[in-house]
Amino acid sequence: MNILKTVTRKFRPVNLFFTELILVLLFFSISAAVILKIFVSADRRSRLSSEKENAMLCAQSIAEAYSQSGDVGKALKAVFPESDDIGESGGNYIVPLDEKCRMSTDGGVLLELAEDREKTASGELLRLTLTFKTENEELYSLDCSAYIPAGGADNE
Amino acid sequence: MKKYKNKTLGDTISTIGSMLLFLLFTGCLLIMIAVAAGAYSRISKGFDKTFGASASLRYISNKLKSAESAEIGENGTALYLKSDGVLDIIYFKDGALYENNLSADAEPSTEGGSKIFALGDMNISEDGDLYKITVMFNNEQNFTYIRR
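As you go down the protein sequences, you meet chains A and B in turn. Residue 3 is where the first sequence starts when you use the working numbering, and the numbers rise one by one after that. Residue 64 is where the second sequence starts when you use the working numbering, and the numbers rise one by one after that.
Looking at chain B on its own, in the form it has when it is part of the complex (with noise of 0.2 angstroms):
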């Protein structure tokens, strides 16, 4: 076996000179790591909070200004959409946003239709003539116009 009897002081210092820049090292590494990882949570969150209440709004009025009559229902939770013998409701149920589409002369239902965003509430309210689109994303109230 080897033996290290002739250990000077200097061997000492630089073996413990190395350990402290990989230490060093290691400390900077974890905190760009933490820094990354910061930065990454908040650009997400950010997005998210931005274009999930956009996107809900701008799928709504899109739809609502495509269509041929627009009415509203269930105290402004629900909307039914009439073009081209389809009619077309956009509901809020569960905390969710949900679209339905039947034939023009079936009888309106806020049942069996597909998902298609999570939302916190969503309200439709006539203003003037003005529709008044508000939607609830991440406890953060949005809203936005458009024309009769």
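Chain A with its partners taken away, still in its complex shape (with noise of 0.2 angstroms):
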């Protein structure tokens, strides 16, 4: 009895130390886990806030230049000069570019554009559709239109 006595006195409070301790630590690794995640969390969204805003400074040049000219070719020329061969079918271009909006076949960001021609009696209204994608989801989308007068687009 006297043993057990002088056991529990001596260990008793080293225990609830360590247990102390012990669930210190352990809400501080809770806390640790969940201020990482944000870290991540505000990292991957500055990430994406930019690329955003590179798409949309990239989509307004490309929609200025086609409203101008009404060609998807020339615009996209213009705002890429090193694009030779961009691949087209039937009205659709798919553009691959990096997350800076500069072509790169390395990049993770996909500019795809849509056109559509409606023929009318005084000419043909052009309607071009740019979308920003990613692996994921999509950027960025914007609506463009250019309208061709019967004579050309020099006449407009």
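Don't read these hints as lab results, they were simulated from the structure. Just so it is clear, the structure is predicted and the values come from calculations on it, not from any experiment. Hints may contain errors.
[To be verified] Cut-off 25 angstroms, straight-line C-alpha distance, at most; resulting in silico cross-link-like pairs (DSS-like, lysine-lysine): (1) A:Lys76 to B:Lys195; (2) B:Lys108 to A:Lys54; (3) A:Lys76 to B:Lys108; (4) B:Lys112 to A:Lys135; (5) B:Lys128 to A:Lys54; (6) B:Lys112 to A:Lys54; (7) B:Lys128 to A:Lys79; (8) B:Lys112 to A:Lys102; (9) A:Lys102 to B:Lys195; (10) A:Lys54 to B:Lys126; (11) B:Lys178 to B:Lys126; (12) B:Lys195 to A:Lys54; (13) B:Lys178 to B:Lys128.
[As the list claims (entries may be wrong)] To give a feel for the contact side, a few chain A residues facing chain B, derived at Cβ under 10 angstroms: (14) Phe41; (15) Met58; (16) Ala67; (17) Lys76.
We put the CB at the ideal spot given by N, CA and C, even for glycine.
Take the two lone chains and join them into the complex the hints point to.
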């Protein structure tokens, strides 16, 4: 009985101290995990907003050039002077870009351009939809149009 | 004075253990602070790089769109915009973009304007029927096209 008393007296405070330390450590580990998750999310959002901003600027330039000429090829050539062979099939174009909207096959952004032509009595109404996509989601989309009078774009 | 003559091996181990735990906790905390500082600096730099360039491009393009007439001067580093009897001069000088408002009949001058943005370089050129506005921000070139 005396031995038991001695043991209890000796080890109880130590155990309590360790338990408290472990609990504190557990609490801080959980907090650290949550904070790390928030950091990763903030970093991802920052990258996404940067990609979106670049896509918007790029889309605006293509839209302005397209509205002026009514020619997707010319508009793309103005914004991407290095674009010699952009794949086109039935009025649809696909341009591989990097996150800064420069032409690159290694980048994670894809620009899709879909053109629709509508003939009217006095000319042709052209509509172009620009869509910037990443692997998982759509970054940005913009519709623009150009009107080509019957005499051609120069007579606009 | 109190003397700890009856200190056992268990006491020593528990002291070392608690100190090691404290050390572990301190180490984790320092790593967390380093990660946080890295993330903050990356976000801040990215934000500055992206939005600094696009803000200046949008500022110039909005001014250009709203003007009644526009003329490029000083080898592409100045833009003379006229609207409602006001001559608005947007120009690049000494690593910054400046704006100066004068009356429409005044002599255009790239002096005495107010600073708008700090930029590496700015150039406006005519590309067919489009204006090409190019700005250099943090050693990175950005451009946009505006219809004339």
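Verification of the hints:
no. : hint                 : result
1   : A:Lys76 to B:Lys195  : holds, 15 angstroms
2   : B:Lys108 to A:Lys54  : holds, 16 angstroms
3   : A:Lys76 to B:Lys108  : violated, 34 angstroms
4   : B:Lys112 to A:Lys135 : holds, 22 angstroms
5   : B:Lys128 to A:Lys54  : holds, 23 angstroms
6   : B:Lys112 to A:Lys54  : holds, 13 angstroms
7   : B:Lys128 to A:Lys79  : holds, 23 angstroms
8   : B:Lys112 to A:Lys102 : holds, 11 angstroms
9   : A:Lys102 to B:Lys195 : holds, 18 angstroms
10  : A:Lys54 to B:Lys126  : holds, 23 angstroms
11  : B:Lys178 to B:Lys126 : holds, 16 angstroms
12  : B:Lys195 to A:Lys54  : holds, 21 angstroms
13  : B:Lys178 to B:Lys128 : holds, 21 angstroms
14  : Phe41                : holds, 4 angstroms
15  : Met58                : holds, 8 angstroms
16  : Ala67                : holds, 5 angstroms
17  : Lys76                : holds, 9 angstroms
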